[in-house]
Amino acid sequence: MKSIEIGFRPNRRKVLTAALSIGVASMLPRFALAASDGDPAALAFDGDTILLARGGLFVSDNGGRTWTAAETPGKVLSLATHRDRPGLVVAGLAEGGVSISEDGGASWRVSEAGLPDGEINAVAIASRNPDMIYASLRGDGLWKSEAAGATWSLAMDRPWLDDAERDPLALASIELETGMGGIWIYAGTEVGLTRVPDCFCRWQDVQPGNAMDALVAGEAPPSEAPLPGGEPILSLASSPSAPEVMYAALRSGLWASQDGGVIWQKRASIAATAVAVHPRDETYIAALLGGILKISRDGGATWIETGEQ
Amino acid sequence: MPMNKGPKDRSAKCTVRRSVHLAALGSALATTGVVVLAQSEPVDPRVEGLTFLGEPVLASEVTAGQQLYADNCASCHGANLEGQPDWRRRLDTGRMPAPPHDDTGHTWHHSDRMLFQITKGGVGAVVPGYESDMPAFGEDLTDAEVAAILVYIKSTWPERQREFQAEVSANDTGG
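So the sequence lines, in the order shown, correspond to chains A and B. Going by full-length UniProt numbering, the first sequence opens with residue 1, and the numbers climb by one from there. Going by full-length UniProt numbering, the second sequence opens with residue 1, and the numbers climb by one from there.
Among the clues, some could well be false.
[Claimed, not checked] If the Cβ cut is set under 8 Å, some of the chain A residues that face chain B in the computed set are: (1) 160; (2) 162; (3) 163; (4) 166; (5) 179; (6) 199; (7) 200; (8) 302.
Calculated directly from the structure, the hints in this document are not laboratory data. Think of the CB as a built atom: it goes at the ideal place given N, C-alpha and C, for glycine as much as any other residue.
Starting from the given sequences, assemble the full structure and let the hints guide the process.
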């Protein structure tokens, strides 16, 4: 591992400090590349540690002030962690399936038994079971491993939205009851938000909990304020501390919901490409906004740039 | 048509259950041609460990439901409840194939009330706007017949799935 301070808005002082602190000048162009806004990126909290996958994988134990580069088996497109298993990191790779670390990213094992070749563009760990892993295989479907990645099986085809199958770009297992003995798996797609019960009966729109009552009674449906239609949802996050609180990263900004995805409000108007939330504090968010990693400790009302700390 | 909720829902449940019992009993008698006079022995035994909408299930209901399933459901969901091949993969139409109703599927994750609503009113009765090849059987089957099909399906599940589904049904508050 190599230590490096990330200056997301490079200036002479930061560059010099970074170069001196690591003595690895070759890392700087890599970071410059990683900071471009078009690259796939992923964020996750492993306890208090922040993981950032963009270009490479970087780990910060101090709220983003300094970072350590971690080796990975391949290019990481997506990340997942679990509150009940510190150190567990699941990484979806551009090639080679899913990799799993149990020591916070220091070492990895590749998990591909039964998983077809392809790009794993989204991963999630079941909120109630850290041995249950979900992976979205681009152009194929949603796969699951019930044995911590030892074997994989197809869970369900991709969601059908706007008359076509859509790849989940983001997945989140959220501890909200489905009424079917399980919880919901939310998916952000290129055209919007959808969700499926973890029994995998069917993908369906996010609706208020009392929507069925209104339907049966013939009343007006409850109010909703969905995410902007037709816009890719690049990242989703929810904290076990308050699962009804959700965050979504879209090009139009960083959005938040307080009711499990029915009503959304914009919390930042800068293009957001990744978001993560602390497992014990739903107001502690890390997000890539305009290509810059920012931290909010108040649910997105205010933000600070980690590079400035 | 989805069932009503609250007190009306409970009333509807009772009506369904009474109809099921009477229809099943009549069917059993007509089939066997036997008139049972001895009231000390059960005419139609309950199925151990199986309920529907909170009430016991009779063996004759399961028998009647098996035939109704064969007549109305098996062509898509399989004679042995195995579902259509490759049922997790979408059809060219964008719709999902008929899933299995045995323990390999997800039917046992749904409450009695939801299973009844789906069978009677179609999937759209519980997921508004959802497009499915499954028709709403409420136009062709009585409530008692729908219930009989579901108790037959439930009777085939292993103990673990039955217990799980019973808990889901018990926790289903109608939301």
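Right, here's what the structure says about each hint:
Given hint, residue 160/A at the interface with chain B, holds; its Cβ is 5 Å from that chain's nearest Cβ, closer than 8 Å. The criterion of a C-beta within 8 Å of any C-beta in chain B is not met by residue 162/A, whose closest approach is roughly 10 Å, and the hint is violated. Using the Cβ-Cβ criterion of 8 Å, the hint placing residue 163/A at the interface with chain B is satisfied: the shortest such distance is roughly 7 Å. The restraint placing residue 166/A at the interface with chain B is violated, with a minimum CB-CB distance near 11 Å, outside the 8 Å limit.
About 6 Å separates the beta-carbon of residue 179/A from the nearest beta-carbon of chain B, less than 8 Å, and the hint is met. Hint status for residue 199/A relative to chain B: holds, with the closest Cβ pair at about 4 Å, below 8 Å. Here the hint on residue 200/A is kept, as its CB sits about 6 Å from the closest CB of chain B, short of 8 Å. Given the 8 Å rule on beta carbons, the hint for residue 302/A is violated: about 36 Å separates it from the nearest Cβ of chain B.
Taken one by one, the earlier hints fail for this structure at numbers 2, 4, 8, listed in ascending order.
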